[in-house]
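Visitor: Sequence:
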Amino acid sequence: MRNYPAIVVLLIVFGLYFNDIHSQQTPSFSEYNFNPFIINSAYAGFENSAEITMSTNGIVNQFDGSPRSFVFSANAPLNSDKIGLGGGVLRDQIGVTSITSLYGAYSYKIYFDLKKDRPAWEVFTENVISFGITAGMQFYNDNLLELGIDDDENFNQNIQAVIPTIGAGFLWNNEQFYIGLSSPNLLGSRLSNNEQIQLKNTYYAYSGYRFFTTPFQKVLVKPSILIKYEQGAPIQADLNTSITYNNKLEFGIGFRTTSTVNALIGFYALKNLRFIYNYNQAMGNSLLTSTHGVVLSYRFGDGFKNNN
18 MRNYPAIVVL
28 LIVFGLYFND
38 IHSQQTPSFS
48 EYNFNPFIIN
58 SAYAGFENSA
68 EITMSTNGIV
78 NQFDGSPRSF
88 VFSANAPLNS
98 DKIGLGGGVL
108 RDQIGVTSIT
118 SLYGAYSYKI
128 YFDLKKDRPA
138 WEVFTENVIS
148 FGITAGMQFY
158 NDNLLELGID
168 DDENFNQNIQ
178 AVIPTIGAGF
188 LWNNEQFYIG
198 LSSPNLLGSR
208 LSNNEQIQLK
218 NTYYAYSGYR
228 FFTTPFQKVL
238 VKPSILIKYE
248 QGAPIQADLN
258 TSITYNNKLE
268 FGIGFRTTST
278 VNALIGFYAL
288 KNLRFIYNYN
298 QAMGNSLLTS
308 THGVVLSYRF
318 GDGFKNNN
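Be aware that the sequence shown starts at 18, since it is given in the working numbering, and climbs by one per residue.
Worth double-checking, as some hints may not be accurate.
[What the hints assert, rightly or not] Simulated crosslink set (DSS-like; lysine-lysine; CA at most 25 Å straight-line):
id, residue 1, residue 2
1, 265, 322
2, 235, 99
3, 288, 217
4, 322, 288
5, 265, 99
6, 288, 265
7, 322, 239
8, 265, 235
9, 239, 265
Honestly, the hints are just simulated from the structure, not real lab data.
Sequences are here, hints too, so could you generate the full structure?
Guide: Spelled out as structure tokens, the structure:
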């Protein structure tokens with residue numbers, strides 16, 4: 018039966034959260050670590066130059082109905098380095114359910130120096146606190162009629178909805194440490210034009226540390242953690258570590274508490290271009306198989322020359 022896998026996935030979703038449709042899958046760690054803007058508006062314009070990023074995950078999966086995602090985003094600082102703007106398009110699909118999100122973001126940054134009486138000639142990395150807000154629309158589409166289930170009233174019509182969204186984010190960053198808090202949609206489905214849709218707020222908290230293991234700063238290690246909380250679902254945590262060699266090659270490995278192991282490999286080309294390939298392997302009795310994804314970023318100006 019060609020649609021059997023899609024039916025299985027859909028029944029799992031409805032069995033766990035029948036009236037609690039969720040707004041977005043958690044991005045793979047290669048996506049949010051290399052494009053924090055997709056989960057935190059405070060990152061808009063954080064770098065010195067504009068950046069464009071495209072990422073896909075699960076596109077080549079052979080499992081009918083397995084999760085797939087596509088992200089395109091861009092963000093940039095304004096002439097004043099305290100203000101950043103950005104926007105993006107996200108599309109998530111699992112089974113016959115798809116959500117497309119359009120959003121724009123604004124951020125404001127405060128720079129400060131924790132060390133007092135610093136000489137004017139001393140080179141240092143400023144501490145930065147950034148606040149961000151985002152606004153957009155989600156287009157929800159549930160093609161239940163594709164399943165061909167005629168004897169159940171819950172599947173006798175498609176479900177569509179347009180949902181305005183407002184989100185907020187916070188980021189603190191210095192040379193070695195960073196911490197972020199964000200929620201891409203604080204309103205849930207309160208403004209939805211379809212009462213059948215019940216979106217729950219999603220909250221992210223993440224942190225990471227950067228340090229060099231060699232005197233000449235050739236090998237950069239970046240351990241990180243992300244925690245996702247969504248009402249009605251178990252708390253999810255991602256534990257990840259990536260290693261960058263000579264700002265040219267990058268390797269990473271991670272574990273998600275929903276029993277997924279992640280790995281990535283990437284390279285930096287022509288100073289401005291970064292390519293990341295990631296692989297996610299489900300463990301245990303999960304019905305979902307392995308997925309493949311890519312992240313492609315282009316940063317203007319000095320590019321990733323001093324990337325950390």
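Visitor: Now tell me, hint by hint, if it's right for this structure.
Guide: Hint check results:
Restraint check for residue 265 and residue 322: satisfied, since their Cα atoms lie roughly 9 Å apart, inside the 25 Å limit. As the CA atoms of residue 235 and residue 99 are separated by approximately 31 Å, the hinted pair breaks the 25 Å bound. At most 25 Å may separate the alpha-carbon atoms for a hinted pair to count; residue 288 and residue 217 exceed this at roughly 41 Å. The suggested pairing of residue 322 with residue 288 holds, with an alpha-carbon distance near 6 Å, which does not exceed 25 Å.
At most 25 Å may separate the alpha-carbon atoms for a hinted pair to count; residue 265 and residue 99 exceed this at roughly 29 Å. For the proposed pair residue 288 and residue 265, the alpha carbon gap of about 9 Å is at most 25 Å, so the pair holds. For the hint linking residue 322 to residue 239, the alpha-carbon distance of about 17 Å falls within 25 Å, and the restraint holds. Pair hint residue 265 plus residue 235 holds up; C-alpha atoms about 10 Å apart against a cutoff of 25 Å.
Simply put, residue 239 and residue 265 have alpha-carbon atoms about 15 Å apart, close enough for the 25 Å limit, and the pair holds.
In summary, the structure is inconsistent with hints 2, 3 and 5 from the numbered list given earlier, while agreeing with the others.
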